[in-house]
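Residue numbers (the working numbering), protein chains in the order written: chain E, 147 to 810; chain X, 2 to 156.
For the record, the hints were derived by calculation from the structure and aren't laboratory data. These figures come from a predicted structure and were not determined experimentally. Using N, Cα and C, we set each Cβ at its ideal position, and we do this for glycine too. Do not take every clue at face value.
Claimed, not checked - Away from chain E, derived, C-beta distances all over 12 Å, residues of chain X:
| no. | residue |
| --- | --- |
| 1 | Asp-27 |
| 2 | Leu-46 |
| 3 | Gly-68 |
| 4 | Glu-76 |
| 5 | Ser-140 |
| 6 | Arg-143 |
| 7 | Phe-152 |
As the list claims (entries may be wrong) - Only part of the chain X face toward chain E is listed, based on derived beta-carbon distances under 7 Å:
| no. | residue |
| --- | --- |
| 8 | His-35 |
| 9 | Met-37 |
| 10 | Pro-50 |
| 11 | Glu-52 |
| 12 | Asn-53 |
| 13 | Ala-55 |
| 14 | Tyr-82 |
| 15 | Ala-85 |
| 16 | Thr-89 |
| 17 | Pro-90 |
| 18 | Gly-94 |
| 19 | Ile-105 |
| 20 | Ala-111 |
| 21 | Ala-118 |
Each chain, written out:
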Amino acid sequence: MVSLAGLGGPSLVAAVVFAIAALALATTGALRDRPAIAAGARRALISSFGFVALATLSLLTALGSHDFSLDYVARYSSRSLEGAYTFAALWGGMEGSLLFWTLLLTGFGSLAITRARSRDPRFGGWATAVLAGIATFFLVLLVGPATPFAELSPVPADGSGLNPLLQSPGMLIHPPLLYSGFVGFSIPFAFAMAGLLSGRLDDTWFTSTRRWTLFSWSALSIGIVLGGAWAYTELGWGGYWAWDPVENASFMPWLTATAFLHSVVIQEKRRMLKVWNVTLILLTYVLAVFGTFLTRSGILSSIHTFTEGPIGKWFLPFLALMLIGGLATIVARLDRLRSENRFDALVSRESAFLANNVLFVAAAFAVLWGTIYPIVAEVTSGVRLSVGPPFFNSVFVPIALAILLLTGIGPLISWRRMSRGAFTRVVRAPIGAGIVTVAGLAVFGVDSVGTLTAFGLCAFTAVAVIGEFVRGGRVYRMRGENWFDALVSTVSRNRRRYGGYVVHLGIVLIVIGLAGAAFKSERHALLERGGSMRIGDYTLTYEDRIQRETSEKQINVVDIGVSRGGEELTTLSPQRNFHFAQGQPQSEVAIRTTPAEDLYVVVTSIDPDGAAAIRAFVNPLTWWIWVGAGVMLGGIAILLSSPVPVAVTGRVRREVREPAVAVR
Amino acid sequence: MRKLAGAFAALSIALMAPVAHAAPQDVANDISMHVMSPFCPGVTLHDCPTENAAELRERIVVMVEDGFTRGQIIEFIENEYGVATRATPDPGGAGIIVWLLPGIAALGGAAVAWHFARRWARVPARPEGYDPDAHITASDRRRLDAELRRFQGET
């Protein structure tokens, strides 16, 4: 009898057959405009999803039952691996993470095309074809060079286990969120391509995928922040972002997707920037797949080496096909993507959105260029160079500050046009707040121009955005509502607009937290038991060490007494552990967190005589990064709850423009 | 052009540099943030959690205390572990393009956007006899005026 674990390989073969069938049927149905064939394609893609789900279940069963006859299970799990991490090993290695990616892709794709089945069959057919084409690529990898079901002989008694750095709660949620974000963008990408291929170039592609776009952007945003939190609490270097190539890989599509979320509003409201919007969604998806290529090819040096494998070369032709094919399709439809309106004035919200788009894309380009330059340098000069955080901070931060300025200016400017007098009136308070903040900080001794600029812009933007809530609330106050009800009414009546403003407020808080890094301090010392060190106003005393062992690791808990001005504040207990299976030491960080600053303590080594090497950081304002992320999450929830706009076709627009004719 | 790139890089770094500190550990920390770790792929020496990296960071502190300059220490690490430890390409030579290209791309993008914005902002002349309010009825007009008066009165 075949076990569930044994069904994995055959399921993937069946999935690839159904994906190819979906691709062929969808293309035929779309070309011949035959709804019945397009429906068959849809069912084939759903079947492919079913078989991928079965393969995933099969791998999870093998992980759960410690079936080390599978090479993947032996490499990424062990008998001592704790609970949920056994199943998180699904995305702990290259093959499993590709299977998880394909599960999401076929699942999201099936859901999206089922919901869109009542639409034009040619449009639906092309959307299915694009999604099935992408699924086919990943499934071919899974049945070929990246199969998670390769068998191992002889079967080992135990597995190597998951990398200790991955045994963190972050592992349970950060990768799934990032993958959901990356994969989710395949839906708007497929629908945009379907719009171009079917010639249906009205609002259908972006209105019907608006929730997918928001969902994907939200998942990527939260995933990136959680990745930062994971690095902060797990890696022990006192930071949350290292401009590592794999971090950059998730950040680049986020930047272009953020540009898209803004520019698509102009298409919705003014029927402009149509070429730009399809290009942005194409770039976003290509960058998402490019990120997967970077992560898995090993072409760049990254600390995320656990997902590397030999499949990088497969991605290059796929990426080229998507990029060249996508751009060619856009060029072929250029004549039908012309803007239907014009800017009424240069000082308008449309212009602010355009400037915002230029900056986001420039930022994405700067990150891409810095990330791939080591490859370019090696190919052109034969010398392996590095491009590290100093470059990215120098190039990216000025662009980010300009984006922050526009985040404040954008809401103040009205659509179409605005008089200079009106603009001066609304911008007065935010500018005043910015100036007061800068002056206040300068009085307190802050002399870094970059830091002053960042805090000044945060104040400017916060006041500008809060001012929007106040202006909106006033309208409901006129009806006699109290301020709280007025604000609730303001937000609930226009959830999309005010949800966006809440996200902007979250971003301001995150920038405050990031800017606090300018005041960071760090000390390290080798302490004997009873010894002390000072950092900032704190005195850290090595009080005790407790050693114990589990089947998986030796645990060394170092108790550090924390006092300030003679007053005992707390005891922090960082750990320095040794994982037996990997033969690898690992530090567990201890943090005392407050809104003003984090005291961050890590043990980097313990000598045989018991002396502990302590590295301590004082990280001012870091708490606000996580609070800002929470506020962003609130804004995202408001955005996701907003009603989806109805697609406006050319016919409907003509009727709206000429109501008298339509009534008659 | 090279001077321009160098000035751009220096200005950018200066703008973003934290408040200067004098303690040897602070100088050493700053140096380790500008050197890629020979022990951890893709991260700076400062961020690398291995014991080898901790030893090298300690060695930098000692060098700072011994009076070595920042340039001498970075050169020492480069000689010891290879050119890939340099965290930013030299603005001189071919490295100039790394620094200039993002700026050129941003300016190019801004120029293209400006071109389109100006072109789109040229509103075509209205046809003779065009009345933008023609489709608003008299009762709508009265209601709008009343609401505006009420709103302005309140604010």
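Do the hints match the structure? See the list:
1. Against chain E, the non-interface label of X:Asp-27 is violated: not every CB pair exceeds 12 Å, the least being about 7 Å.
2. Not every CB of chain E is more than 12 Å from the CB of X:Leu-46 (nearest about 10 Å), against its label as outside the interface.
3. With a cut of 12 Å on Cβ distances, X:Gly-68 stays outside the contact zone with chain E, its closest approach being about 21 Å.
4. With a minimum CB-CB distance of about 16 Å to chain E, X:Glu-76 clears the 12 Å threshold, and the non-interface call stands.
5. At the 12 Å boundary, the C-beta of X:Ser-140 stays outside the reach of chain E, the nearest C-beta of that chain being 16 Å off.
6. Even its closest Cβ contact with chain E, about 19 Å, leaves X:Arg-143 beyond 12 Å, as expected for a residue assigned away from the interface.
7. For X:Phe-152, the condition that its CB be more than 12 Å from all CB atoms of chain E is violated, with the nearest at approximately 7 Å.
8. Because the smallest distance between the Cβ of X:His-35 and any Cβ of chain E comes to about 5 Å, under 7 Å, the interface hint for this residue holds.
9. The interface hint given for X:Met-37 holds, since its Cβ lies 4 Å from the closest Cβ of chain E, which is under the 7 Å cut-off.
10. Among the interface hints, the one on X:Pro-50 holds; its C-beta lies about 5 Å from the nearest C-beta in chain E, closer than the 7 Å criterion.
11. Look at X:Glu-52: its Cβ gets to within about 5 Å of chain E, closer than 7 Å, so that hint holds up.
12. Checking X:Asn-53 against chain E: minimum C-beta separation of about 11 Å lies over 7 Å; hint violated.
13. For X:Ala-55, the suggested interface contact is upheld, since its CB lies about 5 Å from the closest CB of chain E, less than 7 Å.
14. Interface restraint check for X:Tyr-82: the shortest CB-CB distance to chain E comes to about 11 Å, outside 7 Å, so the restraint is violated.
15. A least Cβ separation of about 5 Å between X:Ala-85 and chain E falls short of the 7 Å threshold, and the interface hint therefore holds.
16. Nearest Cβ of chain E to the Cβ of X:Thr-89: about 5 Å, under the 7 Å cut. The hint holds.
17. For X:Pro-90, the shortest C-beta to C-beta distance to chain E is roughly 6 Å, which falls under 7 Å, so the interface hint holds.
18. A cut of 7 Å between beta carbons decides the hint on X:Gly-94: the least distance to chain E is about 10 Å, and the hint is violated.
19. A hinted interface residue such as X:Ile-105 counts as satisfied when its beta carbon comes closer than 7 Å to some beta carbon of chain E; here the least separation is about 10 Å, so the hint is violated.
20. Interface restraint check for X:Ala-111: the shortest CB-CB distance to chain E comes to about 5 Å, inside 7 Å, so the restraint holds.
21. Against a cut-off of 7 Å between C-beta atoms, the interface hint on X:Ala-118 holds, since the closest Cβ of chain E lies about 6 Å away.
In summary, the numbered hints that this structure violates are 1, 2, 7, 12, 14, 18 and 19.
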